[in-house]
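Undergrad: If you want the building blocks of each chain, they are given just below.
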Amino acid sequence: MVGLSLGEKHFIQGGIAQDLRSDGRKRLTYRPIYVETGVIPQANGSARVRLGATDVIASVKAELGKPHPLQPDKGKVAIYVDCSPTAAPIFEGRGGEELSMELSVALQRCLLGGKSGAGYFHTEKSAGISLSSLVVVEGKICWDLYIDGLVVSSDGNLLDALGAAIKAALSNTGIPRVNVAAGASGDEEPEVDVSDEEFLQFDTSGVPVIITLTKVGRHYIVDATTEEESQMSSAVSISVNRQGHICGLTKRGGAGVDPSIILDMISVAKHVSEQLLNQLDSEIAAAEARENES
Amino acid sequence: MEYVSPEGLRLDGRRPMEMRQIRGEIGAVAKADGSAVFEMGNTKVIAAVYGPREVQNRSQQMNDQALVRCEYSMANFSTGDRMRKPKGDRRSTEISLVIRQTMEACIMTHLMPRSQIDIFVQVLQADGGTRSACINAATLALADAGIPMRDLVTSCSSGYLNSTALLDLNYVEDSAGGPDVTVGFLPKLDKVTLLQMDAKLPLDIFENVMQLAIEGCKAVANYIRELLLENTKQLEYRRGV
Amino acid sequence: MLHSKSFVKKTRGGKVTKVVREHYLRDDIYCGASICKVCDPSVARLSASASTILILDTNVVLNQIDLLENPAIDDVVLLSIVLEEVKNKNLSVYNRVRSICSNSLRKFFVFSNEHHKDTYVKEMDGESKNDRNDRAIRVATQWYQTHLGGATRVLLLTNDRENKRKANEEGISAETVETYVKSLGRPDLLDLLVQNASGDVGMEDVEDLRPSKRKILYTEHKPMSEITSGLHRGIYHQGKLRVNRYNPFEAYVGSESIGDEIIIYGRTNMNRAFDGDIVAVELLPQDQWHEEKSLSIADEEDEEEEGVHLVPGSADDAPRTTGQLQGSSGETAPVSFRPSGRVVGIIKRNWHSYCGSLEPMPKPAGSGGIAHALFVSKDRRIPKIRIQTRQLENLLDKRIVVAVDSWDRLSRYPSGHYIRTIGEIGDRDTETEVVLIENDINSRPFSSQVLACLPPLPWSVSPEDLTNPIRQDLRHLRVFSVDPPGCKDIDDALHCTSLPNGNFEVGVHIADVTNFVQPGTPLDEEATQRGTSVYLVERRIDMLPKPLTEDICSLRADVERLAFSVIWEMTPEAEIISTRYTKSVIKSCAAMSYIEAQAKMDDSRLMDPLTTDLRNMNTLAKIMRLRRIERGAITLASAEVKFQIDTETHDPLDIGMYQIREANQMVEEFMLAANVSVSEKILKHFPLCSLLRRHPIPTREMLQPLLLTAAAVGLNLDVSSSKALADSLDRAVGDDPYFNKLIRILATRCMTQAVYFCSGDLSPPEYHHYGLATPIYTHFTSPIRRYADVIVHRLLAASLGIYKLPVIFQDRPQLTSIADNLNYRHRNAQMASRASVELHTLIYFRKRPTDTEARIVKIRSNGFIVFLPKFGIEGPVYLTQRGENGGGEWFVDEQQQKIKKMDGSLSYSVLQAVRIHLEVVEPQPNRPKLHLSLL
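Residue numbers (my numbering), protein chains in the order written: chain A, 1 to 294; chain B, 1 to 241; chain C, 1 to 935.
Keep in mind the hints are simulated off the structure, nothing from the lab.
One or more of the hints may lead you astray.
Computed from the model, here is a short list of chain C residues facing chain B with C-beta under 7 angstroms [claimed, not checked]:
| id | residue |
| --- | --- |
| 1 | 17 |
| 2 | 22 |
| 3 | 23 |
| 4 | 110 |
| 5 | 112 |
| 6 | 808 |
| 7 | 861 |
Just so you know, even glycine gets a beta-carbon here, dropped at the ideal spot from N, CA and C.
Whenever a hint applies, use it, and build me the whole structure from the sequences.
TA: Structure follows, in structure tokens:
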């Protein structure tokens with residue numbers, strides 16, 4: 001949808017080549033990030049992240065459900081993304097579905113490690129929220145976390161913004177403490193009593209951030225705007241946690257990339273992630289402080 | 001169920017003729033030609049306007065007036081119960097149509113022939129009165145986009161519970177099953193452009209209830225006018241006029 | 001208008017959702033004290049002279065509502081948080097406290113502390129909801145203290161020890177209710193206090209009356225969560241417990257889950273449930289289903305004895321018989337194999353206050369001390385209640401009202417507290433009031449708001465009424481009324497004119513009550529609640545105020561009155577050719593009694609037009625009646641009695657059966673016809689919201705006692721249809737002239753009563769009226785004394801397009817609840833009338849022991865039940881001493897319904913005539929009762 005003249009295209013590409021992008025950033029500089037938490041009061045946790053003109057909201061809702069029979073000791077997490085037509089007219093009707101699906105799958109892969117569930121949340125050493133902490137009664141009751149992302153305004157790099165918003169929303173999430181009535185056993189459905197006063201907080205220090213490196217010409221940049229994305233040949237999204245572990249990776253876009261460049265990209269992403277994590281954490285802390293104040 | 005206590009207070013502490021807190025904000029979506037957030041209590045919607053621009057589907061182009069389109073959608077997290085509804089369900093389609101008709105009636109479409117105006121409204125939180133909030137947000141967004149309008153159309157709902165007319169029903173009051181009258185109103189022209197009611201209501205009571213909703217619309221209009229005035233002053237200031 | 005927002009979060013079970021509500025705090029909520037200089041004085045309720053303003057804690061409202069209803073407690077502030085808690089815990093207490101608040105004579109002020117900007121408190125971390133609410137109460141009390149600046153004492157009444165302690169720490173004056181009431185120096189108020197309140201002050205150290213008997217008598221009630229899951233899994237069944245009126249040790253729970261009634265035998269199985277409680281029941285193992293019966297009476301020390309009572313008017317009044325009945329299929333399992341069970345938990349209590357007296361006990365030596373006493377309710381379904389009182393000697397010979405507070409597992413009887421005294425036992429006024437209270441009849445004078453709805457007196461038909469196009473002027477017609485002697489509320493009148501074509505124009509004119517009772521007015525609401533006028537032997541409790549009942553609406557002779565008329569054209573064969581309905585103005589030319597009308601018809605010398613009209617009508621009525629009987633309508637006999645009352649002392653002077661004349665039947669016939677015509681008309685226009693009356697077909701099971709008795713005397717009754725039954729009743733004539741009537745009386749008591757219903761709630765086949773053998777029926781002809789008729793008048797007017805249908809008719813659930821209330825009120829009115837007759841029967845025989853003829857209607861193991869036709873009462877006659885239980889001397893022949901002496905010297909069989917001596921005895925002081933003995 002971005003209608004660019006030949007001159008504009010050259011200007012964008014040239015800027016990237018010279019490490020001075022059209023908005024004055026360097027290739028590996030993020031736009032200012034702004035976080036607001038608790039924006040959706042009826043959700044268990046929510047956050048809004050603005051990255052330049054990109055504006056996304058993530059919410060976490062917890063519902064009591066039944067664990068998967070193959071994994072009776074684990075809760076479930078699902079991520080859905082919706083692109084609102086307010087962000088761009090092409091999302092109107094079913095227009096946003098394809099992108100929404102692509103973003104949902106990429107987020108699942110980057111944050112949960114794919115559909116099999118044997119990913120990030122699963123491995124104890126990544127120190128994130130283990131799915132086992134979501135179990136209430138083994139094999140019978142667990143928490144199902146529904147993470148919903150909504151793109152309100154779009155100016156590129158939706159995936160990184162959504163990833164950051166989900167991380168912020170998770171740290172904002174309080175899950176009611178559940179008391180299970182004693183005595184119920186066997187095949188009976190246990191009676192549960194959901195506490196009104198006590199909430200469990202997640203430790204989100206291990207939740208990764210997503211760094212998308214967009215390849216334009218021979219260089220790659222972080223946090224591309226819509227105009228810059230229109231010039232990309234391919235993009236690689238890498239999720240990295242505090243420890244510097246790669247938690248997920250996805251490549252989009254048509255052109256092939258040389259494997260050595262991918263390895264190079266990973267090491268760059270690892271480097272950038274540190275700054276992003278620090279910045280995000282301090283933004284989240286500031287947002288939480290603002291929320292508690294009001 | 002007691003929706004109005006004998007002391008004359010509603011469940012949330014309002015009196016029957018009081019509106020919830022309203023708040024508007026212009027310019028929430030940077031990329032849109034005009035946008036606004038509008039809140040009525042816990043109901044919060046975003047509206048974005050794209051246009052006037054080239055008509056996307058040539059067969060829909062009209063030579064004497066602009067094409068106005070509207071899409072209403074609800075975020076999955078907007079309701080207390082997380083909903084997974086496919087896009088374009090009946091209710092959304094109906095509300096889209098209602099908003100489009102209401103807005104079309106106040107846009108001076110004849111000034112913009114062969115062009116298209118898109119209004120997108122997104123519900124972030126639903127706590128009763130989403131229709132009204134959407135119309136108010138759309139009005140602000142259209143004004144922000146600089147689209148010529150006959151008047152600022154505003155909307156408010158009212159209902160009738162416990163033999164009392166209530167202004168601006170919230171979700172709990174709305175789900176009580178009583179009548180819910182939504183009015184769209186052109187304050188300067190003093191004309192009703194939208195009127196919807198479900199459930200039955202005797203005529204003499206209906207008159208009061210509708211009048212109450214109109215009063216609500218007028219209050220919203222005053223607020224919106226102030227907001228736009230403030231916004232214009234800001235723009236002037238920024239341009240250094 | 002202050003808009004401050006805060007969020008209250010809730011999570012609901014099942015599907016866990018986080019609920020967010022807005023909560024606005026305001027600065028325009030006033031304190032309600034007249035002395036306050038700051039607040040708006042127009043809303044002030046608390047008196048300016050109040051020395052103390054009371055603020056109540058939730059536990060005080062919940063437990064001490066009887067105390068609060070006493071006018072001695074006044075200048076009270078009720079916080080909205082307290083009301084909310086009360087509402088959640090006990091709706092009936094909530095309604096009572098709300099009605100105190102709205103009573104303009106009481107100084108109760110509701111302070112919306114939850115929405116006041118200074119008294120709203122936010123939940124603190126780790127604070128339970130209860131603690132938060134307690135804190136809110138203290139904060140509000142504190143606010144009052146500072147707000148009123150010491151001008152008056154603000155006192156917090158709480159029975160929560162913790163709350164009181166914290167309040168005192170925070171510098172708030174707080175006391176327990178007991179301390180406060182004691183400080184008032186009114187010992188009578190102390191009796192109103194609930195002693196063992198669930199609040200934790202005071203009662204732990206009060207000893208039980210019989211420490212030796214402190215053992216666990218009842219099993220523990222299951223916790224709510226267990227009940228819910230039990231109901232869910234189908235091991236428990238939920239239903240309303242109904243105790244057998246004639247055997248308080250037997251109860252039934254109608255359960256939807258097993259689609260049958262579960263029988264509960266004995267107090268142990270009832271496990272502290274009261275009549276009307278919603279309970280959870282567990283079925284007993286099937287092998288225990290029949291054995292329980294014999295235990296039912298034996299496990300209680302106080303075996304109850306059947307008393308003399310009025311003859312039942314329908315199955316609803318008759319003692320329930322279970323056990324001996326044969327199943328409808330005959331040879332299969334006896335009915336005693338119906339499921340029986342025991343109560344495991346009580347879901348909702350139906351405790352209210354009860355009328356009765358204290359069990360006789362020696363008067364205490366001193367006075368003023370606390371005494372324990374047992375209260376015996378007039379309603380036999382209620383167990384005895386233990387109370388404490390400081391005024392025992394005053395109460396022993398009184399009828400009193402008592403409320404139930406609790407019933408723990410260690411105590412045979414529930415505990416309660418005294419509320420008020422009605423009067424002396426046996427006193428006619430006292431006992432009449434007991435009858436009214438027991439039947440929930442509102443006999444208070446009409447309020448000023450209700451009376452304000454009446455048109456100014458003297459009232460007469462105005463020129464506007466005459467020119468009103470909806471109203472037809474029928475003053476030229478020769479309209480007359482026929483009623484019982486002395487009737488003042490005449491709601492129906494008739495006319496009958498010969499037409500030139502040989503047909504008759506017959507009109508039924510009904511008082512136009514709805515012209516004066518407009519929907520939605522206080523008058524209308526009051527009438528809706530009362531539902532019907534209640535006729536007691538010596539007084540009448542009106543549904544509408546007297547000016548309407550006896551003057552404005554009453555179709556008296558020689559005055560112009562507004563009416564709603566049904567006018568038919570009938571052939572001489574009483575075939576209806578056309579029917580029309582109209583509002584009208586009439587002028588009755590004669591208000592006759594049945595006797596007068598009958599005399600006129602019978603006097604062959606009289607040939608005046610009025611008498612001719614009467615005779616014509618009577619001829620038509622006879623044809624209509626015959627046709628109705630041919631259709632299968634059942635002529636049931638009831639044994640209505642009539643008292644002659646001394647005008648000064650109001651004591652009964654004479655007693656006798658009510659005589660039915662042709663004139664009665666004539667009027668009745670036209671009323672039936674009018675009701676049927678109207679029901680057809682309204683149902684046609686409003687198929688979903690008409691108020692109709694139906695009479696369900698009695699099941700074979702219900703008719704079983706009749707069949708059993710009939711079979712014993714060699715009579716074969718066909719009960720396959722109402723027509724068949726009517727015919728076989730007609731054939732049932734023996735040598736005995738009274739035989740047929742007796743059989744009819746027995747048949748009547750097998751039938752249930754007709755009920756009102758909303759047509760939308762049932763399907764047309766269910767509309768059937770069995771007794772009258774008509775497919776639809778309603779009540780139109782007595783709007784002065786029945787509210788159902790008022791509703792039907794409105795429906796009819798709307799169907800004619802004269803008036804709009806009031807909004808209420810669009811609300812089906814509301815209409816259904818009105819119909820339910822009408823049924824409830826009618827039933828209560830009947831019960832009250834019966835009780836009143838029983839009371840007067842007792843008063844009558846107190847000075848007049850009598851010998852009389854009686855009929856045996858039922859055989860018992862130790863005697864039989866006799867019916868006294870002359871007085872319309874029945875009661876037991878014992879052949880053996882109580883407790884001996886047959887003693888082997890007598891044996892019962894079930895088949896033949898006979899009781900025989902072992903040696904064969906004597907035998908009594910059902911329907912046999914015996915001579916009975918009737919007298920009033922007083923086995924215990926102040927407890928007079930009728931006693932029957934064989935001569």
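Undergrad: Which numbered hints does this structure break?
TA: 6 and 7
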